[in-house]
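Once you've looked at the hints, dock chain B against the given chain A.
Line by line, the protein sequences are chains A and B. Per the working numbering: the first sequence = residues 1 to 265. Per the working numbering: the second sequence = residues 1001 to 1265.
It should be emphasised that the hints constitute simulated quantities derived from the structure, not laboratory data. Careful: at least some of the hints might be erroneous.
Restraint-style ranges between C-beta atoms, simulated for each label pair [said to hold, decoys possible]:
| id | chain 1 | residue 1 | chain 2 | residue 2 | range |
| --- | --- | --- | --- | --- | --- |
| 1 | A | P128 | B | S1154 | 38 to 46 Å |
| 2 | B | G1165 | A | E248 | 22 to 30 Å |
| 3 | A | A70 | B | P1115 | 31 to 39 Å |
| 4 | B | P1127 | A | G204 | 40 to 48 Å |
No experiment lies behind these values; they were computed from the predicted model shown. In this text, a Cβ means the ideal position worked out from N, Cα and C, and glycines have one as well.
There are 2 protein chains.
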Amino acid sequence: MPFEFDRDTAVTPLGDGAWSAEISTGWNIGTIPNGGYLTAVALSAVGRELPHPDPLTVTSHYLGRVNSGAPATIEVEVLRRGRTLSTACARLLQDGRERLRMLATYGDLDASEGPTFVTAAPPPMPPPDGCVRNEGGLAALELHHRVDARLEPSVAGGAVGEPVGRPETGGWIRFADGRPPDLLSLAFFADAFPPTVLNLDRFGWVPTIELTIHFRAKPAPGWLRAWFISRFLVESHVEEDGEIWDSEGNLVALSRQLARILPRS
Amino acid sequence: MPFEFDRDTAVTPLGDGAWSAEISTGWNIGTIPNGGYLTAVALSAVGRELPHPDPLTVTSHYLGRVNSGAPATIEVEVLRRGRTLSTACARLLQDGRERLRMLATYGDLDASEGPTFVTAAPPPMPPPDGCVRNEGGLAALELHHRVDARLEPSVAGGAVGEPVGRPETGGWIRFADGRPPDLLSLAFFADAFPPTVLNLDRFGWVPTIELTIHFRAKPAPGWLRAWFISRFLVESHVEEDGEIWDSEGNLVALSRQLARILPRS
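Chain A extracted, bound-state conformation (with noise of 0.2 Å):
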């Protein structure tokens, strides 16, 4: 039986360029469909029509709502195959109307070589066991079925709506059905911790307006850790910049993007 992950992401051709895409519920964060979830869904197509085997950067701009449990379209139009580098444009459609477009570069990591300095560590939090699982909080989120997410202690509360105070969230998260991790997860993990700015206030609903992730790193397997912090709150709109690290202690993503906070209805 393949993993959800592997199931819900699936792509199949329809020629041309074009693909369809069944859009699971089973990533829902309330009855929308996790903005990661979809990024990766789209780099599933993207991923089959160019020649290289690695995203390194994606940037995903979403247009409008995506309704799940019902079918999408994907449309690649490939813009570079070059020796080192590949380029996409990708739009995801549903009847007929455009709700997702996205770019996209790829290389191969394991091609890769030259200078190494790095001079950031992953976050310090205690074990898996000694973080607080993530319910989903206030919302019935689908994805924590999908999911087994481990929130570090000091920044739990603001899943729960007991914000503590500062704009940053983080812990442990890996599928719940034993998949490894592997670069296209990536895209769902960068979006699938709680918005950092639900640990300031109890605020509504905060969409996404621009997702870019950088893959940096093919994850070990086990768990991975995750943080996010907002350093800008500013009349609503807001970055949420994040890092993942694999088990073995090595960056394998960069995320950041650009939200805004909704008023509460």
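For chain B alone, coordinates are given in the frame of chain A:
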């Protein structure tokens, strides 16, 4: 007489979302136009097509060499015209070949309201006269006739072939002809400092794969101060995280690019 930056980012309508521009030699790094300048040229066309006044987030993927002192065409596709947000995709072409693909979402910063919570402060540095004038260092950089850039003394070495040992750079910057900064110009300033990695080693060319900028506030007149840092140089791939602050101490832009150090030929 118009300011240099306005003259060199001007676009002329060709109809059907297409615009023509003249890529100036004045913003060259060596013989190549600065990537932030090219993003500003493309944004100049995008801004003419979208109903909202202010860029909020833009991502450019650099696909191929752009020739300066030559015309270019920018083709803008509007993806969304919403109440508070609008989004476009743009392609920059020369001789019919695409050289840059961009996604940008616009809004209205003056109409933003809601919660504000900022935990960061402008990077400390001596006043401009206590910093080191960046004359372009080893390379003859055309753009140093266009900007007045002063490097913070502890990170000034890399630009003149004397790496200081940590991958950071920053300082003060403004246009040489007195043009005040605005949002469009931040796309240029976000890429106008020497690469951070020149403070690690005497690397050669460090081309940008992808550049993303969040525009967070309209800059006040006067000097901008900026800081750029790379925490993860891994097998030649490196992110460069930037922040730009205005003369009143407000953050005006966050930038991140993914770049790749090429072997010295």
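Please name the hints from earlier in the document that this structure breaks, with their numbers sorted from lowest to highest.
Result: no hint breaks.
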